[in-house]
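Chemist: Listed below, chain by chain, are the residues.
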Amino acid sequence: MKQRNQEIITSPRGGQSCLHVTHETGLDIYIMEMPDYHSAYALFGTKYGSVNTMFRLDGEKDFAQVPEGIAHFLEHKLFENEDTGAFEQYAETGAIANAYTSFDRTAYLFMCSENFNPSLEILLNFVQHPYFTQETVDKEQGIIAQEIRMNEDEPGWKLFFNSLKCMYHRHPVRIGIAGTVESIQEINADLLYRCYHTFYNLHNMTLSVAGNVKAEEILEICDRLLVPCEDHHLEEVYPEEPYEVSQHEVLDTAPVGVPLFSLDFKLRPRSGEELLKAELLSELALDTLFSASTEIYRKMLEENLINFGFGVDSPFSGSGYFSVGIGGESRNPREVRNRIFQVIQNAKINGFDKQAFERLKKSKYGSMIRSMNSVEANASMMLDCYMCGIRPFVPVSVLAGITYEDALQFLRDEINPENAVLSVVHAPGEEIL
Amino acid sequence: MKETSQSLGQGIEFVSIVEPKFKTTNISVAFLLPGQPEQFAQWALMPNLLLNSCQKYPSIAAMSDRMQELYGAYLDNAIGLIGDTWQMRLVVNTIDDAYALEGEALRKEAASLLLECILHPNLETDRAFAEQAFRTEQKELLDVIENEINNKRSYALKQARKTVFRGETGAWPMYGTKEEVLALTPELVYQTYQYILQNAQIIIYYIGTQEAPELPELFRNAFADRTVPALRIQSPSPCKAEPETVTETMDVSQCQLIMAFKAETETSQEALRMCSMMFGGAPFSLLFSNVREKMSLCYYCSSNMSYGKNTMFVTSGVSQENLEKTRSAVLEQLSILQKGEFDEKLLADAKRYLVNALKLTGDTPSSCISEAFERFIRPDHAGIEERIRLYESLTKEDIIRTARAFRLDTVWMLTQKGEA
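Chains as they are written, first to last, in our numbering: chain A, 1359 to 1791; chain B, 532 to 951.
Bound conformation, chain B alone (with noise of 0.2 Å):
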């Protein structure tokens, strides 16, 4: 594998890894802002906006059709938070040239579309986008937020992130409100696209199998030089002084126990990942080899940390009656780790567990670009090598430690309608 990075302006870099065991092409923009929750709506409504059709290929059909021609290549999007940045990934994925039974150029294509959806949306006028385009991902978002009940677990962490962050960026829905959705005009999300494309720190990233020389060009001719926005991505959220708790009740067959738990004193990326890992990562836990196997008390309890938050969310699927229970054994397993109570073997399986997870990075596209993605979020820039370095150096002592600067912070349940 062969990753290389450059410049293409201010406030935009372009990584090429050139990886000829895949058999596919991926190209992805990022795009990052500092998180501005009032702006939720519109930046949501944005991604399917820009890749359901545009100028070239004005419907959602002729959109489609042009997708199956390049052999069923996507056009993907993602939103989201790290830290209190907002982010929005634009994908356009497509085999390999060497597959096309053709000899068409899918490579040249794939990078055409992605930029034709960016540079020549569906407008209908020059300042607004297509009236009905719109319409139909404002309706398509709407949906989306309705629908966010429907898995019961991600809707309970949405909702305990209310408590959890409350008076923060991540305390908002992603997706914004219906309320605000509604309000939201064609002309509005232009001119906010037009501010994310002006303002926006921009990475572009490129998997194949082979270098792609033209395509740094195609994208320094796309966006213009730019002021690099402040990003907060290491954004500690402050511990409440006392827990709060938070109960919300459902028709449902199982309850929902999430606890968020926050770390008070500076403390290393691999020190709280090692300490959750060990918590309630991996099935060799504590969570999972006592509340889960010798309580069995759930299916799932498992923890993990929010990235430049320093919060660990527990979560669990168990029965009402055992709700209390459930908790109260949590609690115990932190403190477990807090009072050095468990074994050097503990560490030793977090650490290889981790290591493994870490060298399995490169044998996807996916796995390449968030690899180099953290790298690029990290304050110290480290990579795999210095990162398993990290890991290893880890002692029993800087668990201890660790954990010990976790405090409770909030408890949020859902639970069954018509019981206490």
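With the rest of the complex left out, here is chain A (with noise of 0.2 Å):
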């Protein structure tokens, strides 16, 4: 047996457990054994999204710059090595497979309700065993450029990607996750070559197991599947980004029923446990100011300026980048844009309903608890605490310990309406006032 660290994290709430081990070979392995449930669900993911577009690793000298896209492209090529697809492999176990690239990770998943061994076997494989050809990268342009395709299709992915674009002037999260059909015609089997042994490294990486497992099981397969690798100490930057946004609004078209609309604040970034809690206080101070229970919410439904889509939406974050935005459907977006401003301003001089916050952080203990009710979402919980850097379960200690204090204060130091995007998508020819 190799050597681990492992440790039990106990949730303070909800009753749950799970086994965090730091394998030899600089892996993070968290399983939360679960044993009522039928199903397991795995996730292997690694801190390589759209936004690491420049890195170096140890003793190289330059940073290397590849293009727009190669992570999510990556993803679907690691699904083919040599002899077989993994599609072919899982569908000998029948687990139901997939893989995601977000701006900051990729993960390949699986959930089954049976032969759960084998299939993480099959995904502990393939992720560590890349295999391209310049022949299966170019058959693969064809089928990424139809997702690009169906991306600018989707009035709300243009939403949000225009406000992204002038939140940041050259944070590469501005840019699209799948990038663009000319940026993946860059793409070749050596880039891809370079990208996966830069970010596919197990010191880079964790595994999130939920469900009916045996942690002695998959430790079991660990150590006989991982392959050692050393830490390469990768470094890599973002270019330098100035505190305020680019551009204040845009506008943009596209066959849609009512204007689509987002105001998206920017926010300073963070990182770990200080993020978690700027988001938290980020969605609670603008959910009391905004939601249902609200008088301006019942004023603008009331005027027709806003319908039943408006509301606060989650934070988005990562590495150098932090927003909350506002968001749904309006005919006349400027008017909500004021109205809102108007509200921010007032509560930061007069505050805000000290019972609707508390209420409100009632609730969204519940959907912390509510969270935990599948394998799949507690897998998922686990990973994304990897990626944030904090420890699972901690969101449950963090809410506890927010007080109205803390949110007031954030909403006047943090939530600026002179550092706040809005971004429109209407109809072609519908006039904008």
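For the record, the hints were derived by calculation from the structure and aren't laboratory data. Careful: at least some of the hints might be erroneous.
As the list claims (entries may be wrong) - Quick list of simulated restraints, FRET-style, between CB atoms: (1) B:R666 x A:L1791: 21 to 31 Å; (2) A:D1496 x B:K948: 28 to 38 Å; (3) B:L719 x A:Y1601: 48 to 58 Å; (4) B:E633 x A:G1667: 29 to 39 Å; (5) A:D1771 x B:L719: 21 to 31 Å; (6) A:Q1423 x B:K876: 39 to 49 Å; (7) B:Q725 x A:D1771: 52 to 62 Å; (8) B:E863 x A:F1699: 32 to 42 Å; (9) A:E1575 x B:E875: 22 to 32 Å; (10) B:G871 x A:D1441: 22 to 32 Å; (11) B:E795 x A:D1496: 34 to 44 Å; (12) B:K876 x A:V1539: 56 to 66 Å.
Unchecked claim - Covered by chain B, per the in silico footprint, the following chain A stretches (three or more residues, Cβ under 8 Å): (13) 1408-1421; (14) 1486-1494; (15) 1505-1514; (16) 1644-1658.
Stated by the list, open to error - In silico BS3-like cross-links for lysine-lysine, where the CA-CA straight-line distance does not exceed 30 Å: (17) A:K1516 x B:K670; (18) A:K1523 x B:K533; (19) A:K1712 x B:K856; (20) A:K1497 x B:K856; (21) B:K709 x A:K1516; (22) B:K856 x B:K927; (23) B:K670 x A:K1572; (24) A:K1497 x B:K870; (25) B:K870 x A:K1657; (26) A:K1722 x B:K870; (27) A:K1657 x B:K587; (28) B:K639 x B:K709; (29) A:K1516 x B:K856; (30) A:K1572 x B:K948; (31) A:K1497 x B:K876; (32) B:K639 x A:K1722; (33) B:K890 x A:K1572; (34) A:K1712 x B:K689; (35) A:K1657 x B:K670; (36) A:K1720 x B:K552; (37) B:K587 x A:K1720; (38) A:K1516 x B:K870; (39) B:K876 x A:K1516.
Every residue gets a Cβ at the ideal spot worked out from N, C-alpha and C, and that includes glycine.
Given two chains presented individually in distinct reference frames, assemble the corresponding complex, making use of the accompanying hints.
Modeler: Here it is in structure tokens:
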């Protein structure tokens, strides 16, 4: 048996616990045994997403810069190896498999009700054994080009990326996760191998499993299949990003019904537990001001300025970026922006409804408990915590410690109407007041 | 898990699922009626009108406050067609009492809230919904109809259904038309609600960590006996003599291709689902491994069955220049199934996949409800074990026979404006 550092981490609420193992290969492994469930869910993830475009390893003099969309391209290609594809192997076990790439991570996953161990072997094997040829790379370009086109027809996607482009001057969060039809043409097998060997290092990765599994069996498989690798001390750089947004408003057109809008506040980036607390504070402060319980919501609904789509979005954050937004549909989004700004300015001076804040805190606690209901949510929670540099279950404790005064102070100090972007997508020919 | 069911009266069923592993309480009330397209607009308006306010919490703000107090409980709803039967679900979900920080009886409170919404809606007079609440929901529904264009894939499917199911209930838009919504009044919708309360088949699902002995009594008092309506759940759709092709244009980056195939001979649900799974339901299926992976024509090209309608939809997003090539490729893959030019491994893979998916049932409250509901609507009321047996018993010959029963009915395309 290989050496392991391990600890049991227990939730302060919800009665759950998980095992955290730092494997000698460098991989962080999280396992939550849920014996009352039939299913199991596993995620094998790396801290590699669309924002990781400039990097170097120990001993390298220059930073490498790679084409936009390469992390996502790599995710697609990893499913193939020399003899057979991962999907064909999963077909032998019956597992439902998939993968995703976001701004700051890539994760490969499967869910199953039986044959967990062989499915885990497939997962660990194919992610650790890349095989790319120029022929298979060329073949993938048509598929990914259609994925990019699909996203271009998604108005919410357009709204979001237009806003990011206005919030960020240079940070690569402003580029599309899948890149562009043009940028993916620059990708070749050599570049894929380079990115793979940089980011798919077990010191930069995690395995998260929840469900009807046995930790000892998982660790035995890990001991057998994890390929030891040296920590190359990955170094990443991001272009210097000013605090101020680059543009305050962006309008775009697409075939849509009621115009869509988002009003996003660019915040100072943070990391770890500090970021988690800031996310909760921003969400709670804005929810207290704009939930369906508030007077402003009632008035705007009555005046037909908004519909039920109006609400505070989940905070958006990662290495060097952090924002929180309010969005929905409106035929007069500029007036909605004015009303939102007025409410925020007023709250900065006069404070906000303390009872409403306490209700929303209770409500947030309820949603955290609810999210522990499924194996999928628990495995994802452990992966998220690893990616954010915090321990599992910390969000419940951090929430418990948040006070009305913290939220008000955060609103006063951090949520600045002068640092917000209004993004609108409307139908061609429709006039936006 | 312990599941029990009981009749609370004629046309009213109560299903209790006790599962200690969950951390939530979920109560769902399903109303089922034969689909009447001319009523769809008012039926669509109803769920939000019932759940966004009620007599006790007479505004959106009051209702929102109450749900926040109940630890972010949510009232949810869904409407849809199963076969030609219309369904409305009203749902309340809250965390289990064990997690309440101040010992609140959340299950009891959640059940009371849902019953308040159903039995004591927000009325202006004893014959009409409150005018202001009605106007808000009417505007909302008009926006929902206008926004159907936003998601191109689901828009294409909805448009295709108009041709695929022409002359049948399924051709009609679930939310009605704008004109129909504008013609509604608070009185008319209230009358229709009374009709639903008195005539719909009702099924109540409770899922929680403990027995809830008080619930059957609460719901028994809520609803009167009714004559069970004749529900058309199995309502096969006739195939057109010749396939029909419809094209719509829009300013889009990607074209949408929808192909509808109908099985012309009677075939079991399991054979239809297995056939669709092998055709385009999973990453090992013919459409995924050939049209996507080998031919690189698209990001997605998948198939699925419309329950009770013997209709299989294939959906794909493709470039304009590859539309025809993709259409031909889909037909070619179907012919492989029809000619039996596939190996037994494909069938074995599909069996494993479907059996695995069935065995996942029971790990989320929503899958427990879906499973209980499927048993209710199936003519044979088969449970999971029986369905697994049915899947396992399918042979290559069964699949060939089922694939041969499919004929192309409709090709619907959303193409780029200004292009041929």
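Chemist: Decide, hint by hint, whether the structure agrees.
Modeler: Status of the hints after comparison with the structure:
1. B:R666 x A:L1791: 21 to 31 Å: Since R666 of chain B and L1791 of chain A have Cβ atoms about 22 Å apart, the given range 21 to 31 Å holds.
2. A:D1496 x B:K948: 28 to 38 Å: At 30 Å between Cβs, range holds.
3. B:L719 x A:Y1601: 48 to 58 Å: holds (56 Å)
4. B:E633 x A:G1667: 29 to 39 Å: At 33 Å between Cβs, range holds.
5. A:D1771 x B:L719: 21 to 31 Å: Since the Cβ atoms of D1771 of chain A and L719 of chain B sit about 53 Å apart, the hinted range of 21 to 31 Å is violated.
6. A:Q1423 x B:K876: 39 to 49 Å: holds (44 Å)
7. B:Q725 x A:D1771: 52 to 62 Å: Hint holds: Cβ distance 54 Å, inside 52 to 62 Å.
8. B:E863 x A:F1699: 32 to 42 Å: violated (58 Å)
9. A:E1575 x B:E875: 22 to 32 Å: holds (31 Å)
10. B:G871 x A:D1441: 22 to 32 Å: holds (27 Å)
11. B:E795 x A:D1496: 34 to 44 Å: holds (42 Å)
12. B:K876 x A:V1539: 56 to 66 Å: Violated, at about 36 Å.
13. 1408-1421: Contact hint for the region 1408-1421 of chain A vs chain B: violated, 0 residues under 8 Å.
14. 1486-1494: violated (count 0)
15. 1505-1514: Per the Cβ count (8), the hint holds.
16. 1644-1658: holds (count 7)
17. A:K1516 x B:K670: holds (25 Å)
18. A:K1523 x B:K533: Violated. K1523 of chain A to K533 of chain B sits at ~53 Å, over the 30 Å cutoff.
19. A:K1712 x B:K856: Answer violated: K1712 of chain A to K856 of chain B is near 62 Å, above 30 Å.
20. A:K1497 x B:K856: Since the Cα atoms of K1497 of chain A and K856 of chain B sit roughly 16 Å apart, the hinted pair holds (cutoff 30 Å).
21. B:K709 x A:K1516: Roughly 27 Å separates the two Cα atoms, so the pair holds.
22. B:K856 x B:K927: Between K856 of chain B and K927 of chain B the Cα gap is close to 28 Å, so the pair holds against 30 Å.
23. B:K670 x A:K1572: violated (53 Å)
24. A:K1497 x B:K870: holds (28 Å)
25. B:K870 x A:K1657: Status violated; Cα separation ~64 Å.
26. A:K1722 x B:K870: violated (56 Å)
27. A:K1657 x B:K587: holds (21 Å)
28. B:K639 x B:K709: Judged against 30 Å, a Cα distance of about 39 Å means the pair is violated.
29. A:K1516 x B:K856: Distance of about 29 Å is within 30 Å: holds.
30. A:K1572 x B:K948: Violated: K1572 of chain A and K948 of chain B sit about 56 Å apart, past 30 Å.
31. A:K1497 x B:K876: Holds. K1497 of chain A to K876 of chain B sits at ~25 Å (cutoff 30 Å).
32. B:K639 x A:K1722: holds (21 Å)
33. B:K890 x A:K1572: holds (19 Å)
34. A:K1712 x B:K689: The given pair, whose Cα atoms are some 46 Å apart, is violated under the 30 Å limit.
35. A:K1657 x B:K670: Since the Cα atoms of K1657 of chain A and K670 of chain B sit roughly 15 Å apart, the hinted pair holds (cutoff 30 Å).
36. A:K1720 x B:K552: Within the cut-off at roughly 22 Å; holds.
37. B:K587 x A:K1720: Holds: K587 of chain B and K1720 of chain A sit about 22 Å apart, inside 30 Å.
38. A:K1516 x B:K870: Distance ~44 Å between K1516 of chain A and K870 of chain B Cα, so the pair is violated.
39. B:K876 x A:K1516: Violated, at about 42 Å.
Against the hints set out earlier in the document, violations occur for numbers 5, 8, 12, 13, 14, 18, 19, 23, 25, 26, 28, 30, 34, 38, 39.
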